[in-house]
Every structure is written in structure tokens, then in C-alpha cells.
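K.L.:
Protein chains in written order, with my numbering: chain A, -7 to 451; chain B, -7 to 451.
Be careful, since some hints might not be right.
Since the list gives no way to pick out one identical chain from another, each pair is judged satisfied if it fits inside one copy or across any two copies.
[To be verified] Below, in silico cross-link-like pairs of lysine to aspartate or glutamate (EDC-like), each with a Cα-Cα straight-line distance of 16 Å or less:
| id | residue 1 | residue 2 |
| --- | --- | --- |
| 1 | K184 | E147 |
| 2 | K49 | E84 |
| 3 | K388 | D198 |
| 4 | K339 | E209 |
What the hints contain is simulated information worked out from the structure, not anything from laboratory work.
Protein chains: 2
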Amino acid sequence: MPGEANKLLSSSIRRLIRAGRTQQLERVVNKSHPADLAHLFGSLTPAQRLTVFELIKDFERRGELMAELEAEALQELLASITDEALVQYLNEMPPDDATDLLQEVDGTRAETLLQQMGHEEQSEATSLLGYDEESAGGLMSTDFLALNEETTAGEAIARLQNEDEAEIIFYIYVVNDLGQLVGVTSLRELVKQPARRALGDFMITDVIRVESMTDQEDVARLVARYNLLALPVVEDNNQLVGVVTVDDIIDVIRTEATEDILLMGGAGDEAQVSPNRSPFSSARARIPWIFPSFVAGAVGVVVVSQFEQELARILPLAALIPMIMGLAGNIGTQSSTIVTRGLALGKFDFVQVGRVLGKELIVGVIAGLCYGVIIGVFAAMFFLGNQDVFGAGTLKFGGAIGVSVLASMALAACIGGALPMVFSRLSLDPALALGPFVSTSIDVCAISLYLVIASLLLT
Amino acid sequence: MPGEANKLLSSSIRRLIRAGRTQQLERVVNKSHPADLAHLFGSLTPAQRLTVFELIKDFERRGELMAELEAEALQELLASITDEALVQYLNEMPPDDATDLLQEVDGTRAETLLQQMGHEEQSEATSLLGYDEESAGGLMSTDFLALNEETTAGEAIARLQNEDEAEIIFYIYVVNDLGQLVGVTSLRELVKQPARRALGDFMITDVIRVESMTDQEDVARLVARYNLLALPVVEDNNQLVGVVTVDDIIDVIRTEATEDILLMGGAGDEAQVSPNRSPFSSARARIPWIFPSFVAGAVGVVVVSQFEQELARILPLAALIPMIMGLAGNIGTQSSTIVTRGLALGKFDFVQVGRVLGKELIVGVIAGLCYGVIIGVFAAMFFLGNQDVFGAGTLKFGGAIGVSVLASMALAACIGGALPMVFSRLSLDPALALGPFVSTSIDVCAISLYLVIASLLLT
Chain A
-7 MPGEANKLLS
3 SSIRRLIRAG
13 RTQQLERVVN
23 KSHPADLAHL
33 FGSLTPAQRL
43 TVFELIKDFE
53 RRGELMAELE
63 AEALQELLAS
73 ITDEALVQYL
83 NEMPPDDATD
93 LLQEVDGTRA
103 ETLLQQMGHE
113 EQSEATSLLG
123 YDEESAGGLM
133 STDFLALNEE
143 TTAGEAIARL
153 QNEDEAEIIF
163 YIYVVNDLGQ
173 LVGVTSLREL
183 VKQPARRALG
193 DFMITDVIRV
203 ESMTDQEDVA
213 RLVARYNLLA
223 LPVVEDNNQL
233 VGVVTVDDII
243 DVIRTEATED
253 ILLMGGAGDE
263 AQVSPNRSPF
273 SSARARIPWI
283 FPSFVAGAVG
293 VVVVSQFEQE
303 LARILPLAAL
313 IPMIMGLAGN
323 IGTQSSTIVT
333 RGLALGKFDF
343 VQVGRVLGKE
353 LIVGVIAGLC
363 YGVIIGVFAA
373 MFFLGNQDVF
383 GAGTLKFGGA
393 IGVSVLASMA
403 LAACIGGALP
413 MVFSRLSLDP
423 ALALGPFVST
433 SIDVCAISLY
443 LVIASLLLT
Chain B
-7 MPGEANKLLS
3 SSIRRLIRAG
13 RTQQLERVVN
23 KSHPADLAHL
33 FGSLTPAQRL
43 TVFELIKDFE
53 RRGELMAELE
63 AEALQELLAS
73 ITDEALVQYL
83 NEMPPDDATD
93 LLQEVDGTRA
103 ETLLQQMGHE
113 EQSEATSLLG
123 YDEESAGGLM
133 STDFLALNEE
143 TTAGEAIARL
153 QNEDEAEIIF
163 YIYVVNDLGQ
173 LVGVTSLREL
183 VKQPARRALG
193 DFMITDVIRV
203 ESMTDQEDVA
213 RLVARYNLLA
223 LPVVEDNNQL
233 VGVVTVDDII
243 DVIRTEATED
253 ILLMGGAGDE
263 AQVSPNRSPF
273 SSARARIPWI
283 FPSFVAGAVG
293 VVVVSQFEQE
303 LARILPLAAL
313 IPMIMGLAGN
323 IGTQSSTIVT
333 RGLALGKFDF
343 VQVGRVLGKE
353 LIVGVIAGLC
363 YGVIIGVFAA
373 MFFLGNQDVF
383 GAGTLKFGGA
393 IGVSVLASMA
403 LAACIGGALP
413 MVFSRLSLDP
423 ALALGPFVST
433 SIDVCAISLY
443 LVIASLLLT
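Just chain A, with the same shape it has in the complex (with noise of 0.2 Å):
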């Protein structure tokens, strides 16, 4: 379904607005998802997503349409939709949808929004503003449902057979009279005990919670290991105040995943990924994050140009930079990605920061000894193949080449496994460590500790 079915969705969307054809075209709109909706918006021009946005007869449905769109294609509909009809769409959308949506607008006209919208998703939206928005707070929903823990199995049901806001409903959170969180079941235990009980006779009282100050990732990391479909949020004295949804953490989890990978790439902020970027402005993003190579590379220059003499008489030594680099860079973006990953993942600490190293040493060691003799050969045979340049012995320019390799590796491996735990201490993201400016780094040193061996062992 997915790749197909959408492209036809798409294609067939175009034709009949196109065709003007608008009762056939208000069918279709109304039949799809909104998250299909949105995903077509990328290839709608302006204009025709006005269209097909107003063709949506629901509300709840426009609203979401918008959680689901990209920053720019919100941005522009946003731009196009009066206030009047924007607050119609925060009314009816989800606390935490809602509170994402007035983060997107600017200031002073989320000021005039938040004032028009109604009494309680006024409250709601106002109190879900004051958290971090990569928090628990910033990802929970206020729509939850909580009962009291001496409500009967019998008055829970029925309190669930009239409630319709509530958007989670295979937990149902025990609170005491004092609304701290103090139980857990699920609308099947409700089924099963007798109607009469009380829920604090069998709810599970061992409930897995999070402080809304939480960070999303470690919230993540919890309803990854113990498969959990909500996180409730507490907060001061263990009161319930949200709850966060596994849909949220597949979010979370893909976009740091992203933004992993575009810091490891260099490739700047998330809104790359989307085809809808004008090459000038993807350009002018991207610029700067080449930058700090280009210093790196400056650094490098001033060192090579120090051996001067020695690149001048000695050939081989500049021809095989590229091959030290590339060596020395592989293996440091080894260490430094394996390291990264591992704190991502949660399968390092500080505590093993000795013998995270240690190994990364032994590594680059055992790595720099097997590479060093196939250079040190593969240099020989290719430059004294054709001229003795040195006079000295295959032996001793085989070795020079060897050791200094070797060093290089063993080195380049130390730096990128120790530059994430470094990051991290310093409480910036350990993904850094993979960014290009830190692998050009790692090859400038690599290549000075080359330079500095082969040239000492070559004269």
C-alpha cells in the first residue's frame, strides 16, 4: 500500500483539481487519511493545497492534516488561513497537537490565537507551553484518562462509555484523592473483575512514570525496553499531570535518528531531508557546516607545507596521504560511531570509560599492525618497483611506511572513541564527535604523526 497507493492519490488528486473537477475532488480528499494528505502536500503547488485543505469538510480532520505536515508546507498554509478558522482547528485538535501548532506560529499572533480559543484548551494549551518541548512535558497529552482508586470496576466502564475526548484508552491511570499517580490497569482487567470491586483492589501499583522534565530520549529509551504503548507524567509530589504515547516516541526516535545521521553527514538541520527546499536555500544551510572542515583543512595545509623538503625529495610521502587519511579516518569514524551509538543506545556509561578506550586502542593497534605491513608492501613494490629513490634499503622505506601508519591508525581510533564520552560529559550531543569537522580533525592529526614518523625514519 504505501508507496504505490499514494503516488495514485496523488497523481489522481492533480488531475481533477486540474479538471476542475470539484465534487469528485471533495470525495476523494474526504475518503483519505490525513497523514496521506499531508504526505501528498509535497508535491501540491501552493495554490492547490488551499484547495484540497478547504475541501476537508471535518474539522478535527483539518487539524490533522496540519500535525502532520512538514515545517514548510505548514508554514505556508498558515500563512493563508485566518485566525478565525485557525482557532476553529486548535479547538477541536488534541492539548499537545494543539500546543506544537501555536509553537509554529510567531509570537504575538499565537498570543491573539491562544486568547480566542476556548476556556479549557486555552488552559490546557497554556500549561503544555511551559515545558521544554524535547521533554515529557513537551511531548505529553493532557487528554488521558484518570480515575479515582476507589471507583468500581462496574462506574469505570460506564465512565468510559461516555467519554469521548480521551485519546488514550488501553491504560486507564489510578489516581488517590490526592491525584498522585498510585495505580495502573487496562480497560480488559475492567472487563474481567466483577463490577462491584474497586480498582484499587487490582490495579498494578509498580507503574513505570517519568518526571515531566524527563528527556525525551531517556523517555524513549523506556518505552523501548519495557514495550510500553503510554508513559504516565508525574510531577512534584507524584502527581499525574500527562501522558505520553508510543505514536510520539516513534517520532522522537526517528528524528534524533535523523538527526544522528545529517550531524554524522554534516549535513545541517532536519528540514534537508525534505524535497521542497530550493537548492539556494539548501545551499546556504549547508555552507557553513563545511566550514570548520575548511579550517581543519587550512591547519592541515600549514602543517604539510612544514615537510616542505622532505615531499620535495621524497615522493611517495605526498602520494600517500590520501591513503593515510583515508585509513585513519575510517578507523576514528569507527570508534567514534560504535561509541556514539553505544550512549545513544544506552549500553555504555562513564563507569566503563577506561575499558571503552582501552579497547578502542587495542583496536587501532591490531588494526594499524595489519594495514602497516600491506601499505608498507603495497609502498615498496609500487615506488621501488620503478627507482630506488632513497638508496637505503626496500626494508627500511617499507618500514618507515609501516610504523607510521600504524601510528596514525592507533591514534585516529584512541581520538574518535574518546571524543563522544568527552561530548557527552561536557553535556553536548555525543553526535557531534561525527560530525566532518571533528574527522577532518582526526586526519590532520593522523597526518602530522605520518609526516613527522616517515620523515624521522626516512633521513
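Given the coordinates of chain A, work out where chain B should sit on it, guided by the hints.
P.N.:
Frame of chain A, contents of chain B only:
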């Protein structure tokens, strides 16, 4: 809770083992979540792991623990468990977990175990073993509840009250007399409906479903897009054969992201992220990943040494090599990262190949112009400040370097953007385009172009 509480659990369990306080240890172990026990296995010795494992009273929980273990810890544990015991755990595990476990033991043992399993468990596992591990069939569970469309709401609730096995209880799938999927409803809907109403009268008929052969990445994209908790799997004639749940999808998303990131870092398989792997086994796994880089590097050495005379005569040519490699590699990696991630998130497809590549070319030219000017000026100032090597003017030297930078960056952006598309067309993982071999190859192309253009313009 995550980090701190786990460290506490881990250290108290180790303390209790050392002190030989078995009773207390047993209490702690049986109160802990199997996922937490699996996590702390990393910091225990094999003997300690076996002690902890055997203290778990409930066989179902032993199974849960095994399902959460990492490959290496699992292998060790499997080696010290008798077939007889293992069969008991397998019988208690959900069929999808049991199948995953059977895939971890070697062929003949798996055969023996399978034959000793209970009749029903055996037939479920046998049918699941037939699916590709990375398909919807490989992910799905066969423990689901499917009710006939003529069942009434009241009967459905009664069935649920007596049902202990089914894993998935928030959606209730509805089938016709032929076992074909015709609709879906929820327990919440059941309790709202009059007890005598048939499921067929109020179910939702537009069910999002996948085929059993659908790739797990496509399954994950659907779950993410439609915010689903579970997804029914059908075969042939729309026959309902299983259900994929969101917790398995979270594992897929995390694993796929980890694979992409490790591939990008040229760091081998997922086992690298395990802190328990020995440096020697780790080096053995990582060294082959560096080999393609060596091959590409060797080509680079051959190419660069063709410019022997120019390099000996024009020192700056050699000194600039690391910088050109850094910048071209940088923009090439940006392009391949953006395109690969866009493909993974389903944002691009092949209809857009021309558009995507055209965009990368334009970005490459803009960035190349920008850094061409910067590096041209930098090179002229740095090298000609000291000595006028060429006799020719500063403008000529700086210009030649600038043009070479422009050409290499534009080339790198194009190749980088094209490769993920090519890999994807060839049904290979587009993330391969992020691996070090490819980036070293891009570097070699860029360096060749740089040397050709710069030496043409400077002689």
C-alpha cells in the same frame, strides 16, 4: 529512573551474589523487570548470569529475559541450558519471540527443540520460521484475537474475559467465514455498543494492512505515518495470518537507524555496539571494513603519483590535497546523507531522481564557488606570501586552485547524491552509499579532477 536505578540494581545484585545471600538475591531478582535483568547482564560474569537466570521462578519471565538479551549474552546462556529446560521456556514464550530464539540456536538443536515443543506451539513456530526475518511475516505474532463478523458485542466481551493468551487486546480484528480480514474494532467500542449488535454492523472496514512479505521498513513507515498500535498481516486471499505490534516496530526503527549509522561509520554489524565484545573479536570484525578504503586509497596513490613532476615542482599542490579531500568529501557526504535519509523516511521516490540530482548539482556549484574563492585567496596568500614559486601572477595561481575546488566539490555533490539512488535501484541498502569505501572513492575522483585541472592551468 533509567540510568540511576539500573546502576543501583546492578551493583546490589553483584553484592548479593558475592555475599552468597541467595534468599535476598532471589527476592530482588523476582521483583525486577526481565528487561532490566537483561540490561544488567552486561556487567555480570557468565557464572553470575546463570545464577541470576536460574533464580527466576516464573518460566514465562525467563523467556522474556531471553527475548531481551543481546546476541552474545544469549549464546552463552543458551550453551549452559539443557534442551529440556529450553523447550519449557519456548512453550511459554509468545510465538514470535520463540521463533526469534529458535533462529539463534544452530540448525540441528533447533530441529530437536522444535520436535519437543507442545503441539500448538510447534506448529505456530514452524509456520513463522518460514518467513523472512526482515518481513512483516517475520515480525508478526500469531497470538491475536480474530472474531467472526457475526459475533455480537456481548459475545465478544465474554470471549475476551476468557482469553488469556492473546498478546494484542486493544484492536479486535474481524474476519468473515473464510478467515478473510473484513474489519477492525476496539475493546472500547465493544463496551459502548449494545450487547446484541453484531461486530459487522459497527466495525471499521477500511483497515490498513500489510502482506506477509512486506519489508519491515515499509511496515515501520506505515505504523509511523498512521500512528498505529498494531497492524494486521494478510496473505493470498486477504487471509488474516498475524499481527505486528508497535513494540516490535520500535525495535525495527532503532535497529535500522543503528545499522545505517554503523554502515555510515564503516563499523560493521550491530554487535559492535555491545560493550562486552573483546577487542580482538572487534578488530577482526572491523578490519575487513577498512579494506575497501585501502583499495580506493591505493587507486589514489597511483593517480597522485602520475602527477609526480607537477607535485615536485609545485609544492602547494601536494599541501592542498588534504584540504581538497576534506571539502569534497564533506559535501559529497552531505549529499549522500540527505538523499539516503530522505529515501529511508519515504520523502523521495524515483519520480524525483532528476529533481534531486539537479538540486545537488546546484548546491555543489554554489558551495564550490564559495569555497573556491576562499581557498584560492587562502592558497595565494599562504604560498605566495613567502615566495613566488611560479613566476606567474597571484591571480593565475589562486584562480587555478579556485576553479579546481569548484569542479571537485560539484562532482562530489553529484556522485554523493546519485549513489544512494543507484544502490536503491539495484535493491541494495542506500545507506551503503554512506560507507567509507564510497566516500574514499568520491575523494579519489575529486582529487584526480583537482590535480588534472590545477596542473593544466598551472603549466
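K.L.:
Taking the hints in turn, state whether each one holds.
P.N.:
Hints and how they fare:
1. K184 to E147: Answer is both; intra-copy 14 Å and inter-copy 13 Å each pass.
2. K49 to E84: within (13 Å within a copy, 50 Å between copies)
3. K388 to D198: Neither. Shortest intra-copy (69 Å) and inter-copy (75 Å) distances fail the 16 Å Cα cut-off.
4. K339 to E209: Within one copy only: 14 Å inside, 24 Å across.
Taken one by one, the earlier hints fail for this structure only at number 3.
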